[in-house]
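So the sequence lines, in the order shown, correspond to chains A and B.
Be aware that the first sequence starts at 1, since it is given in the numbering used here, and climbs by one per residue.
Be aware that the second sequence starts at 1, since it is given in the numbering used here, and climbs by one per residue.
Be careful, since some hints might not be right.
Said to hold, decoys possible - If we take Cβ atoms under 10 Å as the criterion, some of the chain B residues that face chain A in the derived model are: (1) P39; (2) L47; (3) Y121; (4) K136; (5) L402.
Stated by the list, open to error - Below, a sample of chain B positions facing chain A; criterion: calculated Cβ distance under 7 Å: (6) R41; (7) F46; (8) E122; (9) Q129; (10) L385.
Keep in mind the hints are simulated off the structure, nothing from the lab.
Heads up, the beta-carbon is just placed ideally off N, CA and C, and yes, glycines get one too.
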Amino acid sequence: MSTKLKVSVYKLSSCAGCQLEFLNLEPVLLDLVGAIEFSYFPMARRRYEPGPYDIGFVEGAVTCGEEIERLKKARQECRILVALGSCACYGGLPSIKNWTPERVIVSRVYENSSLIHSIKAYGIDEYVQVDAYLKGCPVNKDELVEFIKGTLLGIRPRLRPHSVCVECKLNEYECISVIKREPCMGPVTTAGCGALCPSRGKACDGCRGPANDANAESLARTFSEYGLHRSDIVRRFRKFAGLTQEFSRGADAV
Amino acid sequence: MTTGDIKVDYLARVEGEGALDIRVKDGEIVDLKLRIFEPPRFFQGFLVGRKYDEVPGIVSRICGICPVSHQITAIQALEDAFGVRPSLQTKRLRKLLALSQWIQSHTLHIYMLALPDFLGYESILAMAQDHMDAVKRALKLKRLGNDLTVLLGGREVHPVTAVINGFTSLPPVEELRAIQRRLEDALDDAVETVRLCASLEVPDFSWDAEHVALRSEEGYAVNEGRLVSTKGLDIPAWEYRSHIKEKQVPHSNALHSYIVGRGSFLVGPLARVNLNADRLSPRAKEAMKASGVRFPSFNPFHSALARAIELVHAIEESIRIIDDLDELVPEDSGYSIKPGQGFAITEAPRGALYHSYKVNDQGLIEAADIVSPTAHNVNNMEEDLRRFVPRVLDLPHDEATLKCEMVVRNYDPCISCSVHFLKLNIVRE
Numbered sequence: 001m002s003t004k005l006k007v008s009v010y011k012l013s014s015c016a017g018c019q020l021e022f023l024n025l026e027p028v029l030l031d032l033v034g035a036i037e038f039s040y041f042p043m044a045r046r047r048y049e050p051g052p053y054d055i056g057f058v059e060g061a062v063t064c065g066e067e068i069e070r071l072k073k074a075r076q077e078c079r080i081l082v083a084l085g086s087c088a089c090y091g092g093l094p095s096i097k098n099w100t101p102e103r104v105i106v107s108r109v110y111e112n113s114s115l116i117h118s119i120k121a122y123g124i125d126e127y128v129q130v131d132a133y134l135k136g137c138p139v140n141k142d143e144l145v146e147f148i149k150g151t152l153l154g155i156r157p158r159l160r161p162h163s164v165c166v167e168c169k170l171n172e173y174e175c176i177s178v179i180k181r182e183p184c185m186g187p188v189t190t191a192g193c194g195a196l197c198p199s200r201g202k203a204c205d206g207c208r209g210p211a212n213d214a215n216a217e218s219l220a221r222t223f224s225e226y227g228l229h230r231s232d233i234v235r236r237f238r239k240f241a242g243l244t245q246e247f248s249r250g251a252d253a254v
Numbered sequence: 001m002t003t004g005d006i007k008v009d010y011l012a013r014v015e016g017e018g019a020l021d022i023r024v025k026d027g028e029i030v031d032l033k034l035r036i037f038e039p040p041r042f043f044q045g046f047l048v049g050r051k052y053d054e055v056p057g058i059v060s061r062i063c064g065i066c067p068v069s070h071q072i073t074a075i076q077a078l079e080d081a082f083g084v085r086p087s088l089q090t091k092r093l094r095k096l097l098a099l100s101q102w103i104q105s106h107t108l109h110i111y112m113l114a115l116p117d118f119l120g121y122e123s124i125l126a127m128a129q130d131h132m133d134a135v136k137r138a139l140k141l142k143r144l145g146n147d148l149t150v151l152l153g154g155r156e157v158h159p160v161t162a163v164i165n166g167f168t169s170l171p172p173v174e175e176l177r178a179i180q181r182r183l184e185d186a187l188d189d190a191v192e193t194v195r196l197c198a199s200l201e202v203p204d205f206s207w208d209a210e211h212v213a214l215r216s217e218e219g220y221a222v223n224e225g226r227l228v229s230t231k232g233l234d235i236p237a238w239e240y241r242s243h244i245k246e247k248q249v250p251h252s253n254a255l256h257s258y259i260v261g262r263g264s265f266l267v268g269p270l271a272r273v274n275l276n277a278d279r280l281s282p283r284a285k286e287a288m289k290a291s292g293v294r295f296p297s298f299n300p301f302h303s304a305l306a307r308a309i310e311l312v313h314a315i316e317e318s319i320r321i322i323d324d325l326d327e328l329v330p331e332d333s334g335y336s337i338k339p340g341q342g343f344a345i346t347e348a349p350r351g352a353l354y355h356s357y358k359v360n361d362q363g364l365i366e367a368a369d370i371v372s373p374t375a376h377n378v379n380n381m382e383e384d385l386r387r388f389v390p391r392v393l394d395l396p397h398d399e400a401t402l403k404c405e406m407v408v409r410n411y412d413p414c415i416s417c418s419v420h421f422l423k424l425n426i427v428r429e
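The following block holds chain A by itself, in its conformation from the complex (with noise of 0.2 Å):
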């Protein structure tokens, strides 16, 4: 194959985490950009070529009207495209103020309302059809690099879809949830970060959203007898990915 994969990197209302990940792939860097193209990049590059693209990966959760116009634009450009981190999947962190009438939220931030013109935080999948879902905030380096050399190579990348649990029982870590007590979302959330908060003694926050076949009012019912409290419980699920099917169970579970 003679000429490389044309790639496109939008930014939607997002932290630019996921995104600086590619820059964060330095030992494989040189070799990534001799087989794809970064055609259109803004944070790394001043210059850009127009579409059409191969891959499109978009970060960040659509939270203005204008950004939805953005969104489709990048749909129509590009082959592939990818909702890049859980924004761009779920609505990520700012889908927690869903739960709060916009104009309270932005009272608490701006003085005068008028100038500000937001909306609901939804994930991209919400306004165009999406082809591929690499979660985690911030998406993990070697799945960002499995999903390339996978198109690359014109099959399907191995993307996990048990639950963190799994790579947490793999990796012989100690459990959080049963010998320490604390509520872990490592039960219902999908794996691809190697168990990385408990393996550094810390509960699994859910921030990958959730796994297949997720039992959320299961574990919603467990950190009840915990004891949390159901408001403990409700901001757990509500967090990451609360706009989901299966996250919403869970918060509504007790």
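With the hints as your guide, set chain B onto chain A.
For chain B alone, coordinates are given in the frame of chain A:
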């Protein structure tokens, strides 16, 4: 081209989204607006009602480039509220974590965001053909900073181990020693970076802006100290709101910060080197002297050089801290919560960062007040531009646009952070 518009519609090589509109009539600036259209994410709004121990993890997500600074500042503000005094070991590890992010972020800005402008390339990727040594040095230094963050925090972006009154896990001492050897090896690369930045031709452009930074008795201030300035400000964190306020401007989602009674001010590496040069590490002082630039410097184009000097300092200081961390012992990190308000200021890579929280008796956040370095700087960026733009108006449009972008990039603006940031539009009437 003395009349018309300059428009930069989407500023590249900055983190976030902003634009610059300049209206010019008969060679005079009629109107200049730095428009920040990065949409607000309302962290201060949705933190209300969340639990105190979630705060460091949530505010980390304000910025993917300086997550460590937001975490540490939030932790210290909450410790201030609860009356928790962390151990010396925790303070040392926190400073090392903060410096690891300085190394990563400063390298990213110098080589990937700023240097291509000065050397005439559109990106570091385009530089690779002619300047492979510099590109390899950049990747090496950036990976080193990142690896140190990973060792202490678990991952580069949004690390997980720092909590109130301690860390959830401690790094193995032998791995600290191994990375110390890499830091020692990288000192020459950092000094070479200072040499490179000192060799760049910068415009002769200075004005009497107020420079603001933390200053501490405990060395070059990172996580502690009083907020001082070149015009006499000298306050502890809890007095911040009596002296620094923000106003909302119609053209921007970023609030404009000002010092009561004076106006805009500058935070960041240049302000820090200007105010704290006497506290730099020995090699950093040497490199500063050898650069041939005299500090204090009020030329914002010396920001990249100041950042490089700090890169030397951050590496040398990290080596020293690891020397002090002979053995790491698990400590009791227990504490009790009490209602009240806490304040903290730290030096993020881009400058002073302020956090304050009000916590109720159930440990729930009642109010959050967060002012990022870029939010501090936006007002001063406009002031820089107002003074700088007249000298580029006669240049061809593309060149004028690039120069204006460089003025903004001096600040290494982190726009996601400040929104609550660029494209250049010059309208010539």
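Do the hints match the structure? See the list:
Among the interface hints, the one on P39 of chain B holds; its C-beta lies about 5 Å from the nearest C-beta in chain A, closer than the 10 Å criterion. Hint status for L47 of chain B: holds, given a least beta-carbon distance of 9 Å to chain A, under 10 Å. Proximity of Y121 of chain B to chain A holds as hinted, the smallest CB-CB distance being about 9 Å (cut-off 10 Å). The beta carbon of K136 of chain B is positioned within 10 Å of a beta carbon in chain A (closest approach about 8 Å), and the interface hint is therefore held.
Here the hint on L402 of chain B is kept, as its CB sits about 8 Å from the closest CB of chain A, short of 10 Å. For the restraint placing R41 of chain B at the interface with chain A, the shortest Cβ-Cβ distance is roughly 5 Å, inside the 7 Å limit, so the hint holds. Taken as an interface hint, F46 of chain B checks out: its beta carbon lies about 4 Å from the nearest beta carbon of chain A, inside 7 Å. The interface hint given for E122 of chain B holds, since its Cβ lies 4 Å from the closest Cβ of chain A, which is under the 7 Å cut-off.
For Q129 of chain B, the interface hint is violated, since its Cβ never comes within 7 Å of a Cβ in chain A; the closest pair sits about 11 Å apart. Contact between L385 of chain B and chain A, as hinted, is not supported at the beta carbon level, the nearest pair being about 18 Å apart and thus beyond 7 Å.
Checked against the numbered hints given earlier, the structure breaks hints 9, 10 and satisfies all the rest.
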